[in-house]
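Trainee: Each chain is listed here by its residues.
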Amino acid sequence: MANTKEVRKQIASIKGTQKITSAMEMVAASKMKKTQDGMLEGRPYSLKIKEVISHIASASSEYNHPFYEERKPKKACFIVISSDKGLCGGLNINLFKQVIAKSAELDAQGIESSFALVGTKASGFFKSVGGKVVAVAEKLGDKPNPDDLIGFTKVVLDMHKNGDIDQAYLCSNSFVNTMTQQPKVEQLIPLSPEDDGGPKSQWDYIYEPEAKSLLDGLLTRYIESLVYQAVVENNACEQAAKMIAMKNATDNAGDLIKELELLYNNVRQAAITQELSEIVGGAAAV
Amino acid sequence: MSTIKINIVSSSEEIYSGEGTMVYATGSLGEIGIAPGHTPLLTGLAPGPVRVVNGSEEEAFFCSGGFLEIQPDLVTVLSDTAERAENLDEAEAIKAKEAAEKDLANQDATLDYAKAASQLAEAVARLKTIQKLRKKQ
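Chain order of the listed sequences is X and R.
Residue 45 is where the first sequence starts when you use this note's numbering, and the numbers rise one by one after that.
Residue 38 is where the second sequence starts when you use this note's numbering, and the numbers rise one by one after that.
Bound-form chain X, shown alone (with noise of 0.2 Å):
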C-alpha cells in the first residue's frame, strides 16, 4: 500500500493544477463576454452588406460577376477557421472532422483540395497530415482587426480569379450558446444569389463610374465580411469551449482529490492500527 506522504504529495500536485484550471476558467469566462461583444459589433456590416448585395442581386444589372458563376468544379480551396491555443475540449478537432469528410467527399468526385488556415492549431494539424496548404494567418488575438484578414482572403479571391479554384468553402464554428458550438462547412464560391425569387424589378443602380469595378471591390469586402464574422464568432466559441473543458477539468480535479483523500486516511489509519498492534504484540512478549 502506498504511504500517506506519497499520497500527500500527489494530493497537492492535483490542488496546484486545480489552481490553474480554475483561474483559466475565470479568464475564459471574461474572454467570453468581450469575444462576444465583438462578434455582435460586427453584425450590423454583415447585415447591411448583405442587405445591399440582395438589392444589386434584384436589380436588372448587364453585369454577371464570377462569384456568381457555376463552373464546372475541379479544385476548391477550404478556408479552415481554427483557434491559436488549445484546452478548448473538442471544438477543432470536430470542425477538422467535418473538413476531412467533406474533402475525402469532394476527392471521391476527381475535385482536388486546397486550404487556406486561420490559427495555429489548423496549419498545425495540417502540417502533420499534409495537404496543400495556400495561405496562413495566425496569431490575430481576441480581437481581431478586420485589415488583418485583407492579404489571407484575397489570396483565396487571386485563386478564384486565376481560375486556381472553382469552389471555396468557408469552416468555422457557428456560435449556438455557451454549451453549445456546431462545426460548420458553407459553401462560400459560387456565392448563391440573395434573390428573393420574386420577379426581377425593372430597375437598375446608377454606376458610378462603372458597375464591373464597383461589384468586383463591393463583393470582395463580402466575402471579407463574411471571413472576418467567421473568425470573430469562431473566436467566442473558443472561450465558450474553453471555460466548459476548464471548468470540467477543475470538477474532475476535485474529485480526485476527494477520492486520494479517502485513500490518504486510509492509509494513516492502517499505520497506526499496524503501529498499536506491534505496541500490544511488544507488552504481550515482555
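By construction, these hints were calculated from the structure, which means they are not laboratory data.
Watch out, some of these pointers could steer you wrong.
[As the list claims (entries may be wrong)] In the DSSO-like style, the derived pairs of lysine-lysine whose C-alpha atoms are separated by at most 27 Å in a straight line are:
(1) X:K171 <-> R:K42
(2) X:K291 <-> X:K92
(3) R:K134 <-> X:K187
(4) R:K134 <-> X:K146
(5) R:K134 <-> X:K118
Keeping the supplied structure of chain X fixed, place chain R upon it in accordance with the hints.
Mentor: Positioned in the frame of chain X, the structure of chain R alone reads:
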C-alpha cells in the same frame, strides 16, 4: 419635411443609424448630395467626410473609403476600416502566402486521409474517455 434613412457601418462597428433630410458624401467621382427620393445609385467612396443634415442639426463622420448605396428611401455607407489600395492588399496577400510557406515548408502536398482520420479518431477517443470518467463519478 421628408427624411431619408441613413446607416453608416464599418466592419468592426455600427457608426451611425438615423434619419436626415440631406446627406453629403465624398464619392469617388466627387462630392454628392443626396436628398430623399434619390434615384438608386451605387458608388465608391473616397476618403473624406460624410455629413448628415437633419433640419438645423448636422453631424459629420470621417470615412477612409468604402461604398455608398442609395435607394430612394435609404442610404447605406459601407465604410472601410483602413485605406485600401491594390498594392497594399497585394503586400498583405504575399505575407499570408509567406506564412503558409514558412510554416509548412517541407510537408507533403497531398493530404494523407488515413493519417488525418486516425489522428482525429484518437483525439475524439481521448475526449470521450474524459467524459466517461466524469459520468462514472
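Trainee: Does each hint fit the structure? Answer for all of them.
Mentor: Going down the list of hints, with the structure as the test:
no.: 1; hint: X:K171 <-> R:K42; result: violated, 50 Å
no.: 2; hint: X:K291 <-> X:K92; result: violated, 38 Å
no.: 3; hint: R:K134 <-> X:K187; result: holds, 22 Å
no.: 4; hint: R:K134 <-> X:K146; result: holds, 24 Å
no.: 5; hint: R:K134 <-> X:K118; result: holds, 22 Å
Hint compliance for this structure: hints 1 and 2 are not met, and every other hint is.
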